[in-house]
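K.L.:
Sequence order for the protein chains is A and B. For the first sequence, the working numbering assigns the number 35 to the initial residue and increments by one for each residue that follows. For the second sequence, the working numbering assigns the number 12 to the initial residue and increments by one for each residue that follows.
In short, the hints are calculated from the structure, not lab data. Just so you know, even glycine gets a beta-carbon here, dropped at the ideal spot from N, CA and C. Some clues are possibly wrong.
Claimed, not checked - Pairs of lysine to any residue, SDA-like flavour, derived with a Cα cap of 25 Å:
id, chain 1, residue 1, chain 2, residue 2
1, B, K145, B, Y96
2, B, K164, B, L176
3, A, K112, B, R146
4, B, K145, B, V113
5, A, K112, A, Q101
6, A, K112, B, T124
7, B, K164, B, R146
8, B, K145, B, P94
9, A, K112, B, Y96
10, B, K164, B, A177
11, A, K112, B, R126
12, A, K112, B, K145
13, A, K112, B, R103
14, B, K163, B, R126
15, A, K112, A, D62
16, A, K112, A, R122
17, A, K112, B, P95
18, B, K164, B, T100
19, B, K163, B, F148
20, A, K112, B, S135
21, A, K112, B, Q90
22, B, K145, B, T100
Claimed, not checked - Selected chain B positions facing chain A (Cβ under 7 Å, derived; list incomplete):
id, residue
23, G65
24, P71
25, L87
26, P94
27, L97
28, L98
29, L102
30, L158
31, R160
As the list claims (entries may be wrong) - Pair by pair, the computed Cβ-Cβ distance ranges are:
id, chain 1, residue 1, chain 2, residue 2, range
32, A, R81, B, H168, 20 to 28 Å
33, A, Q101, B, E34, 53 to 61 Å
34, B, A22, A, S63, 17 to 25 Å
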Amino acid sequence: MSHQPRRRGELVQSPGTDGSTVYERDTDSLHVLNESAHAIWELCDGRTTPEEMAAAIAEVTGIGVEQAISDVEQTLEKLRELGLVDYRRPRLS
Amino acid sequence: MVVSEPGEVPADADLLVWQVDGEFPTQDLQPAAASVLTLVLADESHLVPAVNAGCRGFLPRSASLDEIHGAVDALLSGQAVIPPYLLGTLLRHMVEMRRRDVAHLDSTLSDLTDREREVFWIASQGMRREEIGKRLFMSPATARTHLQRIYKKLGIHSQSELMALAMHISEIEDEEAE
Chain A
35 MSHQPRRRGE LVQSPGTDGS TVYERDTDSL HVLNESAHAI WELCDGRTTP
85 EEMAAAIAEV TGIGVEQAIS DVEQTLEKLR ELGLVDYRRP RLS
Chain B
12 MVVSEPGEVP ADADLLVWQV DGEFPTQDLQ PAAASVLTLV LADESHLVPA
62 VNAGCRGFLP RSASLDEIHG AVDALLSGQA VIPPYLLGTL LRHMVEMRRR
112 DVAHLDSTLS DLTDREREVF WIASQGMRRE EIGKRLFMSP ATARTHLQRI
162 YKKLGIHSQS ELMALAMHIS EIEDEEAE
């Protein structure tokens with residue numbers, strides 16, 4: 035796993051749901067993501083770092099960078115738990 | 012709330028709501044967006060220029076009155092308003108733009124000689140050429156020559172621009188280091 039998160043699963047059309055639905059083949063499961071989780075999942079291309087994601091979110095929304103980093107980390111952790119991203123948080127030394 | 016043209020923003024305005032028809036007027040919008048909350052109703056292709064101009068609110072022109080009211084309330088309470096289905100596209104653009112920015116700054120400073128970089132960073136602290144000369148053991152005339160070369164290479168025209176550029180580089184380097 036990498037410090038640059040890589041998304042798993044694929045977006046599927048799912049009428050009747052408010053969020054975006056992602057199908058993960060390995061676990062044969064469907065997950066409905068809210069808007070911000072979906073946007074972060076889309077950024078998980080194996081190349082973009084969480085810090086880059088947070089900087090972009092801070093710039094677009096006007097929230098502080100620290101808050102954006104915290105939000106991105108929490109979302110990535112949830113996506114990782116759901117099996118929707120491959121991601122390993124860097125160890126603090 | 013004020014609905015107005017960007018050039019007519021009253022000094023006490025809380026919010027500017029502007030519907031854009033045709034070409035996106037970045038130059039007109041930037042001063043207004045910098046000084047007052049701005050909600051733009053425009054084509055989806057205008058999303059990136061609108062956010063780059065400093066707008067915190069964006070809706071497609073087809074937005075209903077209820078959606079506009081909701082967006083106004085959200086903006087006034089400090090939230091950004093971006094249609095959810097455009098958020099991913101916008102964030103991707105911001106990431107790419109920032110990468111280009113960092114790459115550009117790296118290549119810009121790489122055009123300077125080691126000595127010019129020393130002069131650049133000392134000049135960025137607001138020192139005049141006499142002080143730069145003293146610091147680097149060179150005459151004020153030599154410091155001036157270095158500054159002129161730096162200005163030419165960086166495409167800037169004054170020490171104020173140099174200081175702004177240095178601050179921008181430092182901010183990006185700090186964020187990269189975090």
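K.L.:
Holds or violated: P71(B) as interface residue toward chain A, Cβ cutoff 7 Å?
P.N.:
Hint violated; P71(B) Cβ to chain A Cβ min 16 Å, cut 7 Å.
K.L.:
Quick one, is the P94(B) hint okay against chain A at 7 Å, beta carbons?
P.N.:
Cβ of P94(B) sits 9 Å from chain A, so the hint is violated.
K.L.:
Take the shortest C-beta to C-beta distance between L87(B) and chain A; is it under 7 Å?
P.N.:
violated (13 Å)
K.L.:
Is it true that the CA of K112(A) sits at most 25 Å from the CA of D62(A)?
P.N.:
Between K112(A) and D62(A) the Cα gap is close to 18 Å, so the pair holds against 25 Å.
K.L.:
Is 53 to 61 Å right for how far apart the beta carbons of Q101(A) and E34(B) are?
P.N.:
violated (36 Å)
K.L.:
Okay, A22(B) versus S63(A) on CB: inside 17 to 25 Å?
P.N.:
violated (56 Å)
K.L.:
If you take the shortest Cβ to Cβ gap from G65(B) to chain A, is it below 7 Å?
P.N.:
violated (10 Å)
K.L.:
Check the hint pairing K112(A) with Y96(B) against an upper bound of 25 Å on the C-alpha distance.
P.N.:
The given pair, whose Cα atoms are some 21 Å apart, holds under the 25 Å limit.
K.L.:
If you draw a straight line from the CA of K112(A) to the CA of R122(A), is it 25 Å or shorter?
P.N.:
holds (12 Å)
K.L.:
Take the C-alpha atoms of K164(B) and A177(B), compute the straight-line distance between them, and say whether it is at most 25 Å.
P.N.:
holds (14 Å)
K.L.:
Given the hint that K164(B) pairs with R146(B), test it: the Cα-Cα distance must not exceed 25 Å.
P.N.:
With Cα atoms ~22 Å apart, K164(B) and R146(B) stay inside 25 Å; holds.
K.L.:
K145(B) and T100(B): Cα distance at most 25 Å?
P.N.:
Given that 25 Å is the threshold and the Cα spacing comes to 51 Å, the pair is violated.
Of the numbered hints given earlier, the model fails hints 1, 3, 4, 6, 8, 11, 12, 18, 20, 22, 23, 24, 25, 26, 27, 30, 31, 32, 33 and 34; all others are met.
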